[in-house]
Every structure is written in C-alpha cells, then in structure tokens.
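Asks: Those sequence lines, one after another, are chains G and P.
Residue 139 is where the first sequence starts when you use our numbering, and the numbers rise one by one after that.
Residue 357 is where the second sequence starts when you use our numbering, and the numbers rise one by one after that.
Quick caveat, the hints were computed from the structure, so don't treat them as lab data.
Honestly, I wouldn't trust all of these hints.
Quick list of in silico lysine-lysine cross-link-like pairs, DSSO-like style, CA-CA up to 27 Å [unchecked claim]: (1) P/K471 to G/K180; (2) P/K424 to G/K180; (3) P/K471 to P/K417; (4) P/K417 to G/K180; (5) G/K216 to G/K180; (6) G/K195 to G/K216; (7) G/K195 to G/K180; (8) G/K195 to G/K221; (9) G/K180 to G/K221.
Computed from a prediction, not measured in an experiment: that's the story for all the values here.
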Amino acid sequence: EPEVTQTPSHQVTQMGQEVILRCVPISNHLYFYWYRQILGQKVEFLVSFYNNEISEKSEIFDDQFSVERPDGSNFTLKIRSTKLEDSAMYFCARVAPTGVGANYGYTFGSGTRLTVV
Amino acid sequence: AQSVTQPDIHITVSEGASLELRCNYSYGATPYLFWYVQSPGQGLQLLLKYFSGDTLVQGIKGFEAEFKRSQSSFNLRKPSVHWSDAAEYFCAVGGSLAEYGNKLVFGAGTILRVKS
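For reference, chain P alone in the conformation it holds in the complex (with noise of 0.2 Å):
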C-alpha cells in the first residue's frame, strides 16, 4: 500500500539556520513526489515536485528537495530560514494518471517553528 511517513512531527529552528524536513514513502511503482506547506488556515501551497530526471529538484521559495530511490527518501531542505517560513509542511507522493489515477498520498505534515 501507499504511504508516506513524516518522523518529525514538529521542528524548531533559528532563523538564518538550515533547514532539512524528512519524507519516506513505500509505493509500488515510480513514485511522483510533491512537497506542500499550508499557513494555518489556508490551502495548501505547491513547493515543488519530483517526476522524474535530476533527483534535486528546485522550488519556490528557496526551498529544495533530493529524491533517493535507494532510501525511498525525498526530504525538503532550505539552506537559511526566514520567519515567514513558519507553517505546516506535508510530503505527497502520487503515480502516473494510467496506472494509479494519481490521488496523492499525505504524510501527516511537519509543523516548523521558527525561532528569532
């Protein structure tokens, strides 16, 4: 079955610190992989995504994500965090529309704090 396991729960950092969030998943097949973050309240916001090709993948907001099949891994880093990075951050991971419909799958999201 699909899933996706986020260890941390909640993460504390200093801003200006770095930042890397972890993400497994167990799929059966190529995994399509996405990062979200949600502000409190809000819907949830597309960092990035991975399908295929170059396993480190750029989004917005300065953050970036490394796929490694090996570790079944595709954890989110950003090298200096600000203040408004401060929100929920949940891993998805997704199959191809032919074989799976691509629903995604949710990890159960890692709450940042941000520390001045």
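Bound-form chain G, shown alone (with noise of 0.2 Å):
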C-alpha cells in the first residue's frame, strides 16, 4: 500500500487553466514538498510545507503556484494559469521525522503528469 496517494494520475489541461493537483499523504506526517520532472529533465524542488506553511519555495514556484492542506489531509497543488511549459510529472514527498538518520523517511507518490495543451 502506498505511503502517499496522488490524483489523478494524468491531468490534461488548456492553456490558462487552473488545476489542483492533490496529494493524500500519512496523517501523521508533518513536512511534505512537491517536486517536478520536465520530461527528460532532472527532477526539481519546487516548494517544502511544514506546520501548515511554507518553509521554503524554490524559483520556479511563482505567483501562479500555491499549496494548501486545507483539511488536514489532502495536501495540495494549485497552478492558477497553466503555461505549455508547466507540462511535467509533478510528484508529492513527504518526510516523516519519527527519529534520526535511519528513521528519516523521504518518500514519493507515483506522480501526477499534466500535460497543458
């Protein structure tokens, strides 16, 4: 069973359109992140959530993104306007904390593609 949950799996969008991309970690965990991949690119960071905020937001993560976990729960991804170049898997991490070094658990979900046409 995994970890972290996302949905929808593929999301295919037009240009301009807002999309929420979401993710249904653990309950128990605290610090979750979203990351991209361009096809063929190396997978970046986009931004770290902690304590119901964000800790740390890379440039990518402009005006046009924002995240929220607005029941405790579903941890999510907004892209208010999407670009032809937002198109990317964009996976949720999280980390659970539950003791040092070898407890330290950084898991991914299995990723949402959107492709903006």
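Take the two lone chains and join them into the complex the hints point to.
Replies: Written as structure tokens, this is what we have:
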C-alpha cells in the first residue's frame, strides 16, 4: 500500500486553465514537498510545507503556484493559469521524522503527469 | 550551492555483468544521500540512503552504494545486473531537517540499458 497517494495520475488541461493536484499522505506526516520533472530532465524542488505553511520555495514556484492543506489531510498544489511549460510530472513527497538517521524517511508519491495543451 | 553530478547520461551493460553508476555531490554540511530508480512514466522508488555510520549501505534489489567523503562520491553498484534493472537512476543529496528543511537536490539521472 503506497504511503503517499497522488491524484489524478494524468491530467490534460487547456493553457490558461487552473489545475489542482492532490496528494494524500498518512495523517501524521509533518513535512510535505512538491517536486516536478519536465520530460527528460532532472527532478526539481518546488516547495516545502511544514506546520501548515510554506517553509521554503524555489525560483520555479512563482505567483502562479500555491499549496495548501485545507482539510488536514489532502495536500494540494494549485497552478492558477497553466502554461505550456508547466507540462511535467509532479511528485508529492513526505518526510516522517520518526527519529534520527536511519528513521529519516523520504517517500515520493507515484506522480501526476500534467499535460498543458 | 548544493549540486549533484551524474557524469554518465547512458550506460549499457550486459545481463549478468556488474554495474557501477557514478554520483558526485557538492554540499556544505553533512550530506544525506539517496539513490532512486524510475521506470518510464513511473514514480521514484527509493533504492537506498546514507545518513551516517557504515559508509557501505545496502539497498533493495541487490544494490549497494559506498559513501566516500574524500571524493564527495556516492556510487551505486550491483554485482550482477538483471534485465529488469533497466531504468533511469537518480542520485540525490539533502540535509537535516533542522539545517536545510531537507529538500533534495537531484542529479540529471543515468539511463541504464541492459542487453541480453
């Protein structure tokens, strides 16, 4: 059973439309992340989220992006007005710091492939 | 700045042969190091990780990696490759939660092809 579930697995959207990508981690996780991978490129950090607020964001994470955890469970990434260059695989990740060192867990979801047309 | 270099974009090995994928990192503190594997169109699966202690770490699917601080390297190895190992492999570096919020910086990946 996956620890981090992402929905949808694939989404196609028109340029300029808003999309919401969802991540459902186990409820006791504290640290959440979004990463993206443009086809054929490396995985890039977008944003980290701790204690219901953004703790760090990258240059990629501009005003078009937002994250929230509205119901204490789902962790969402919203892109307000999608552009063609937003087409990528988006990964949610969580860290459950149940201890130090060996218990440090960094798990990725299976990803959402976003295609902007 | 934190960075990860995977010098080999593609590697082709014969089934049953040994494998070594290279990873060099640049990091300003004690690194947490990871290797992930990704099949086409799929997510990232953690193979192994290193935080401290024994510099030779064992992972899943028969993989191991060795941390060499003097060389800033964390190379991934497997003694005998199987056709199912064909995939893309990513090395990543992060830090402690307290220091860096533990975002990961990834290398560009190495695509492994296995020939029969």
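Asks: Please flag the earlier hints that this structure goes against, numbers listed from lowest up.
Replies: none
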